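Enquirer: Spelled out, the chains give:
There are 2 protein chains.
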Amino acid sequence: VSHATDLVGYSLYLDLLEDLASGKTRHDFPLGREEDRVRHAMELAGQGLDVALVCSGDAGIYAMATLVFELFNGGGLSDAASRIDVTVAPGISALQAAAARAGAPLGHDFCTISLSDLLTPWESIQTRVKAAAEGDFVIAFYNPVSKRRRTQLAYARDVLLQHRPADTPVILATNLGRPGELVRIVPLGDLNVDDVDMLTVVVVGSSDSRTVTTGSGKTWVYTPRGYSAKEGTQLGQTV
Amino acid sequence: VSHATDLVGYSLYLDLLEDLASGKTRHDFPLGREEDRVRHAMELAGQGLDVALVCSGDAGIYAMATLVFELFNGGGLSDAASRIDVTVAPGISALQAAAARAGAPLGHDFCTISLSDLLTPWESIQTRVKAAAEGDFVIAFYNPVSKRRRTQLAYARDVLLQHRPADTPVILATNLGRPGELVRIVPLGDLNVDDVDMLTVVVVGSSDSRTVTTGSGKTWVYTPRGYSAKEGTQLGQTV
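Keeping their order, the protein sequence lines are chains A and B.
Residues in the first sequence are numbered consecutively from 1, following the working numbering.
Residues in the second sequence are numbered consecutively from 1, following the working numbering.
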């Protein structure tokens with residue numbers, strides 16, 4: 001971002017750049033219209049400008065970077081835009097921010113599943129949820145609910161309850177890094193879809209994940225480094 | 001790190017901090033001995049010092065943060081150390097750095113699997129590999145090989161070949177961010193364990209992942225945002 005002359009992004013995210021954005025030309029877009037935003041950024045770059053396409057989290061994780069390559073691959077770009085150079089800069093994705101606030105739930109194998117069925121058939125999502133349950137992965141659910149979608153998260157909870165205990169810790173992280181940030185830890189058996197909104201990241205522990213309350217009174221969730229931790233024998237061994 | 005008075009970590013990582021480390025007390029540890037390092041950091045904090053426990057990547061992903069909570073939970077800490085405050089700071093994990101260099105392979109659902117059987121029984125790892133194959137996840141393999149372990153990655157490749165095409169792109173990212181950085185893209189069917197060393201991150205695409213060669217001549221790997229992209233129909237829709 002610091003080298004760019006032009007910034008393209010959702011207005012709120014460009015506002016968050018504050019000083020980094022000063023002296024640069026802003027190309028503000030409303031929420032949604034992701035393809036328009038990315039296409040505009042690529043066409044500006046095709047005109048020879050140094051453009052930063054700004055998004056939240058990690059541009060490579062459920063975000064804009066993949067759209068850049070989708071457009072390269074048959075997206076009807078101008079010749080100039082199809083020849084631009086691209087650098088992808090990683091960032092902190094929502095699951096990492098949620099994990100850090102709650103402890104270390106991603107200390108061992110994990111997966112991410114988007115519950116949005118706008119671009120992915122519900123049958124494919126069901127297959128992934130079942131596979132993640134059978135593999136006993138820690139699972140971060142992106143897009144857990146929307147205004148019209150309320151049933152997918154309940155389905156996932158019910159599948160997971162067939163494979164891991166009802167007291168498996170679940171992290172509900174809402175408004176991460178924004179005013180009103182709220183991080184809750186609930187047992188899987190008590191996961192209530194009405195406690196989850198569009199700004200909530202849901203991280204479900206594996207059967208190895210556990211909670212610990214430290215001397216300061218705070219309860220944390222972590223996943224030990226190895227399966228053998230189930231028997232409390234992991235300390236003293238070497239990774 | 002910037003507020004801490006004391007730094008604890010593997011010497012090489014403390015060296016990498018450069019100016020950030022100036023004026024702070026260093027507590028250098030050799031490679032390995034993770035538990036000693038973490039325990040030392042927690043005991044120093046118990047003495048009232050402001051301690052940063054430094055690791056590479058994301059402290060929460062296969063790294064030191066989970067060990068902190070393992071020690072809180074029955075690790076025989078002193079009373080003072082068991083009452084310390086902890087803040088976990090997320091970072092860029094190796095899979096994100098590898099993904100960014102190679103394109104956007106993590107654009108849709110993915111998982112991480114450590115192939116190290118030091119703390120996890122091989123049977124559990126096999127179950128996770130099979131589940132990830134059945135769920136058609138993009139998979140990042142951590143600890144793919146070691147000096148004594150050569151067979152696990154070949155096993156994973158052979159399981160995956162039963163569920164996704166032989167031309168599925170695989171990213172081999174070696175020495176990320178260090179001298180000699182090398183990022184290779186090979187088809188799953190040609191994945192050769194001898195091309196992978198302990199400093200290589202292996203990211204295997206899903207059946208939806210694909211490559212695109214851009215006008216600059218570089219070949220990238222990306223995973224489209226939705227399954228329907230298989231038919232090339234995703235553009236023009238809204239996430």
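Everything labelled a hint here was simulated from the structure, so no lab data went into it.
This structure is a prediction, so every number in the text was calculated from the model and none was measured.
It is possible that some hints are incorrect.
What the hints assert, rightly or not - In silico lysine to aspartate or glutamate, DMTMM-like type, Cα no more than 25 Å apart, as pairs:
id : chain 1 : residue 1 : chain 2 : residue 2
1  : B       : K130      : A       : E35
2  : B       : K218      : A       : D79
3  : B       : K147      : B       : D36
4  : B       : K218      : A       : D158
5  : B       : K130      : A       : D158
6  : B       : K147      : B       : D194
7  : A       : K218      : B       : D194
Enquirer: Given the hinted pair K130(B) and D158(A), is their alpha-carbon gap at most 25 Å?
Expert: With Cα atoms ~22 Å apart, K130(B) and D158(A) stay inside 25 Å; holds.
Enquirer: Straight-line Cα separation of K218(B) and D158(A) no greater than 25 Å?
Expert: Cα-Cα ~45 Å, so violated.
Enquirer: Taking 25 Å as the top limit, are the C-alpha atoms of K130(B) and E35(A) close enough?
Expert: violated (35 Å)
Enquirer: So if I understand the rule, the pair passes when the alpha-carbon distance is 25 Å or less; does K147(B) with D36(B) pass?
Expert: holds (24 Å)
Enquirer: Taking only the CA atoms, is the gap from K147(B) to D194(B) under or equal to 25 Å?
Expert: holds (11 Å)
Enquirer: Run the distance test for K218(B) versus D79(A): straight-line Cα separation, threshold 25 Å.
Expert: holds (16 Å)
Enquirer: For the pair supplied as a hint, K218(A) and D194(B), is the alpha-carbon distance within the 25 Å limit?
Expert: Given that 25 Å is the threshold and the Cα spacing comes to 46 Å, the pair is violated.
Violated hints for the displayed structure, listed by number in ascending order: 1, 4 and 7.
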